[in-house]
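Student: Below are the chains, spelled out letter by letter.
Protein chains: 2
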Amino acid sequence: MESEQGKSEAIERWGLFELSLRGPEEGNPYLDVELSARFSHKNRVVSPDGFYDGDGIYRIRFMPDTPGTWSYTTQSNCDELNGITGNFPCVESSPENHGPVTVENTNHFSYADGTPYFPIGTTCYAWVHQGDELEEVTLRTLGDSPFNKIRMCVFPKHYAYNRNDPPYQPFGRRDTGEWDFTRFNPEFFQHLEQRVGNLLRLGIEADIILFHPYDRWGFATMHAAVDDRYLRYVVARVAAYRNVWWSMANEYDLMREKSMGDWDRYFRIVQERDPYQHLRSVHNWHEFYDHGKPWVTHQSIQHSDLAKTNEWRDLYRKPVVVDECCYEGNIPQHWGNISAQEMVHRFWEGTVRGGYVGHGETYMHPEDILWWSKGGVIHGQSPERIAFLKKILSRSPVERLDPLDLPSSTPAERYPCAGTEDEYYLCYFGVHQPAVMMLRLPEGNRYRGEIIDTWEMEITPIEETLEGECTVELPGKPYMAIQLHKFEADSVLREV
Amino acid sequence: MESEQGKSEAIERWGLFELSLRGPEEGNPYLDVELSARFSHKNRVVSPDGFYDGDGIYRIRFMPDTPGTWSYTTQSNCDELNGITGNFPCVESSPENHGPVTVENTNHFSYADGTPYFPIGTTCYAWVHQGDELEEVTLRTLGDSPFNKIRMCVFPKHYAYNRNDPPYQPFGRRDTGEWDFTRFNPEFFQHLEQRVGNLLRLGIEADIILFHPYDRWGFATMHAAVDDRYLRYVVARVAAYRNVWWSMANEYDLMREKSMGDWDRYFRIVQERDPYQHLRSVHNWHEFYDHGKPWVTHQSIQHSDLAKTNEWRDLYRKPVVVDECCYEGNIPQHWGNISAQEMVHRFWEGTVRGGYVGHGETYMHPEDILWWSKGGVIHGQSPERIAFLKKILSRSPVERLDPLDLPSSTPAERYPCAGTEDEYYLCYFGVHQPAVMMLRLPEGNRYRGEIIDTWEMEITPIEETLEGECTVELPGKPYMAIQLHKFEADSVLREV
Chain A
1 MESEQGKSEA IERWGLFELS LRGPEEGNPY LDVELSARFS HKNRVVSPDG FYDGDGIYRI
61 RFMPDTPGTW SYTTQSNCDE LNGITGNFPC VESSPENHGP VTVENTNHFS YADGTPYFPI
121 GTTCYAWVHQ GDELEEVTLR TLGDSPFNKI RMCVFPKHYA YNRNDPPYQP FGRRDTGEWD
181 FTRFNPEFFQ HLEQRVGNLL RLGIEADIIL FHPYDRWGFA TMHAAVDDRY LRYVVARVAA
241 YRNVWWSMAN EYDLMREKSM GDWDRYFRIV QERDPYQHLR SVHNWHEFYD HGKPWVTHQS
301 IQHSDLAKTN EWRDLYRKPV VVDECCYEGN IPQHWGNISA QEMVHRFWEG TVRGGYVGHG
361 ETYMHPEDIL WWSKGGVIHG QSPERIAFLK KILSRSPVER LDPLDLPSST PAERYPCAGT
421 EDEYYLCYFG VHQPAVMMLR LPEGNRYRGE IIDTWEMEIT PIEETLEGEC TVELPGKPYM
481 AIQLHKFEAD SVLREV
Chain B
1 MESEQGKSEA IERWGLFELS LRGPEEGNPY LDVELSARFS HKNRVVSPDG FYDGDGIYRI
61 RFMPDTPGTW SYTTQSNCDE LNGITGNFPC VESSPENHGP VTVENTNHFS YADGTPYFPI
121 GTTCYAWVHQ GDELEEVTLR TLGDSPFNKI RMCVFPKHYA YNRNDPPYQP FGRRDTGEWD
181 FTRFNPEFFQ HLEQRVGNLL RLGIEADIIL FHPYDRWGFA TMHAAVDDRY LRYVVARVAA
241 YRNVWWSMAN EYDLMREKSM GDWDRYFRIV QERDPYQHLR SVHNWHEFYD HGKPWVTHQS
301 IQHSDLAKTN EWRDLYRKPV VVDECCYEGN IPQHWGNISA QEMVHRFWEG TVRGGYVGHG
361 ETYMHPEDIL WWSKGGVIHG QSPERIAFLK KILSRSPVER LDPLDLPSST PAERYPCAGT
421 EDEYYLCYFG VHQPAVMMLR LPEGNRYRGE IIDTWEMEIT PIEETLEGEC TVELPGKPYM
481 AIQLHKFEAD SVLREV
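Residue numbers (the numbering used here), protein chains in the order written: chain A, 1 to 496; chain B, 1 to 496.
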């Protein structure tokens, strides 16, 4: 049987193809109906799960990764939905679409098209539960921000400053008013997807947090079968958005009812059901999950000491994303009140140690609209400095920063420095304020140097060309950095 | 045989009694003559070693610790010096003389008369090797400073910014120009003692560093027998100064030629020869000496992370003195260029974790006169803030600060806090900048609170009396502290 979607519009590479089908409404379609499809292009076959979207509508979503014609056949235990075939053309992606992010070169990331991806994350845990008005403000703020990743929960949040009920809830209710954990609420997930799509258009990765402990509704303590069905449902619905990352939890180790086996199982379910193998991790409170387990793609860390970044890189040989290093703000909780300067300092420290640092903001607000959870507008002073760091990184001649030593005749191993040996060095002095650095640069190379004031956001070129043993004068202030670019062969010729 | 000193002037308690004797000049008195004395008062006997001071003069120094009449008898393998007896009256100490410092209550110090001693140390490694003019400038600077302990080397220093030769050297020379390690140079030690005495009169403890690795003269690599004779000679000469502490080394683990057994032996020699059991420790570069060994009285630590203070306290149950946490300055070396703000921050952090922090300063100077080594004048901005901290401590109602949790309804265990349960709390927020703290104060008590700006050196009283569950507004700036004083019973009555 040929579906209505048999002749589809062209979908761009890493775009979202959606097959909508009519099917049974009776019974409990969430439990009773199994649905998936085989999408094939030449010898490549991808089999995403479908899902019930209410009102007799079933959908299967698919993200093609190769241009050309893709054909599909549905599979279902319901005759009405089984054996539906069709095809659609996949065309090359538009310039702003680089595909999903994957791990590249052990400790780094890139988009599927090879463009380096340097995560500059922020945190708005419950922003999709605040209603359209505030959510649209949040989107505008994000659009004007340096952030290209956001940590956000599927489930609503119950916590200090978070007492409001969400407009939508993920499950249906029984006549008694209790949750019917066998029925999802499609509106809830449609809304979630809308927001994931908004982020996609802004070029922002949605780091979707599947469980978290801050709960008054019972979503943190569901039965295992409900957890598992929920995971499969979320994956079926949103995995085809190219900007999705999976975070099994925020502070998994505060969810005392769950065992380590539960976390392993969640990872495995997501790993098995997501045909695109989006990035997977889990965020800790005090105890790290074992990031060495094979289904963990990168380290999602809560920790205040960014100096440990090198250690974590070496320990697991996976990218280090310090998603939470405390937030800029002024609430009483210690994790939510570091100064903007300290936040910027932590960004620089983690970055020049070869890791990636995440932002959050928790300034007290008369209506309890704190960015870290609800979004809204940003009040702090760190984001513009983070944007300045991002600009420096985007202009650096290397695609990733790996730790190395500043080539110095003064023992300099304690100043974190990153780059690519010989080519490029970015060294950050933090609370140290040397008035001078003695360099011992690689033989035969010449370098262009710049002094960076990370707080004032000023870049001052060093007038002299640097080579061999040389001395750089610095302003003797804290929070300074220097970068050294090797002159290209032709620049040297031009100069000569 | 009765000595000329048989009828002596009164010496105050913990003052210095010196018996000077004429004896043989021929041969090598440093090697050949053994000399000591038994000083007794009632049933107490103390036996300090004597020493040869050149020109046929032998001396025995003694610090009496009990008022009353002390009598003595010398002992020597030289008849001329043997069996000399005498006595002197010891009178109560003058008000500024509190005796030597000892360990008190596991992690703290007090003077022998019971006055709490709160070390506020600084570092001028080679100040006694700079000649009288600069040394007198250093003494004036110290007199105007908050510092009550100074780390100083016996041997001269060879290092960056330290290329000048000292006016005196510790050993004599052979005709060949080589050191005669069998003969001390009395002038060198007389000069050292003069400076220890200058410090004593300023109320400053002299933390005397017996060995260090920064050497071009051979003093870091002497034979064991020379090391041991040197230690006995130094102890004989200066142990009777009440303000002496013994530090076996600066950065002992950089002295590669010495074994752990050597360090143990040095400790034991000093322990056996010093009748007053002055404080003993050893300062590390990277690896701590085992502070658990019984002859170590306190921990002398080089480390940048003051947050570990609690751990070190608990590990060894001895006072934690972080003698080197980097220095305020601007030299290229990472250990010598933290900002004044960071130095003050580290002082506060270590202090409210129940430890004691040391200062040093390394600003580049046209004549290489850096305080950390040569003394001179202070250029930095941390000492006046350290003086402000010292003032707060001196006014606190408790004699020592032990870590405890701020009594708060917000989890506050990450804000270092110290004091005495119920009585007094001093809590420091560091890079955290809460705009408000929710307190949950011990039932039935009422507190007077103050907000402290550790950098601006301002103390702002909290107007309301604090009790039970209450909220304190804070300025939402980093580097703030609060202190809470329990009202005395009579104050409460007065208020009622």
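Treat each hint with caution, since some may be false.
No distinction is drawn between identical chains; accordingly, a pair holds when it is met within one copy or between any pair of copies.
As the list claims (entries may be wrong) - Listed below are the simulated DSBU-like cross-link pairs for lysine-lysine, each with C-alpha atoms no more than 30 Å apart in a straight line: (1) 308 to 390; (2) 318 to 293; (3) 390 to 318; (4) 391 to 308; (5) 390 to 477; (6) 293 to 477; (7) 391 to 477; (8) 477 to 308; (9) 42 to 293; (10) 293 to 391; (11) 318 to 477; (12) 42 to 391; (13) 318 to 308.
Hints were generated in silico from the structure; no laboratory data involved. In this text the structure is predicted, and so the values were computed from the model without any measurement.
Student: All hints, please: hold or fail.
Tutor: Going down the list of hints, with the structure as the test:
1. 308 to 390: within (21 Å within a copy, 33 Å between copies)
2. 318 to 293: Result: close within a single copy only, 11 Å intra versus 42 Å inter.
3. 390 to 318: Intra 21 Å, inter 47 Å, cutoff 30 Å: intra-copy only.
4. 391 to 308: Answer is within; shortest intra-copy Cα gap is 25 Å, inter-copy 36 Å.
5. 390 to 477: Both. Shortest intra-copy (22 Å) and inter-copy (26 Å) distances satisfy the 30 Å Cα cut-off.
6. 293 to 477: Answer is neither: 43 Å inside a copy and 41 Å across each miss the 30 Å cutoff.
7. 391 to 477: Both: 22 Å inside a chain and 28 Å across chains, each within 30 Å.
8. 477 to 308: For residue 477 and residue 308, the Cα distance is within 30 Å both inside one copy (24 Å) and across copies (26 Å).
9. 42 to 293: Neither: 33 Å inside a chain and 74 Å across chains, both beyond 30 Å.
10. 293 to 391: Neither: 34 Å inside a chain and 53 Å across chains, both beyond 30 Å.
11. 318 to 477: neither (34 Å within a copy, 36 Å between copies)
12. 42 to 391: Close neither inside one copy (41 Å) nor across copies (80 Å); limit 30 Å.
13. 318 to 308: This pair counts as both: shortest intra-copy Cα distance 14 Å, inter-copy 28 Å.
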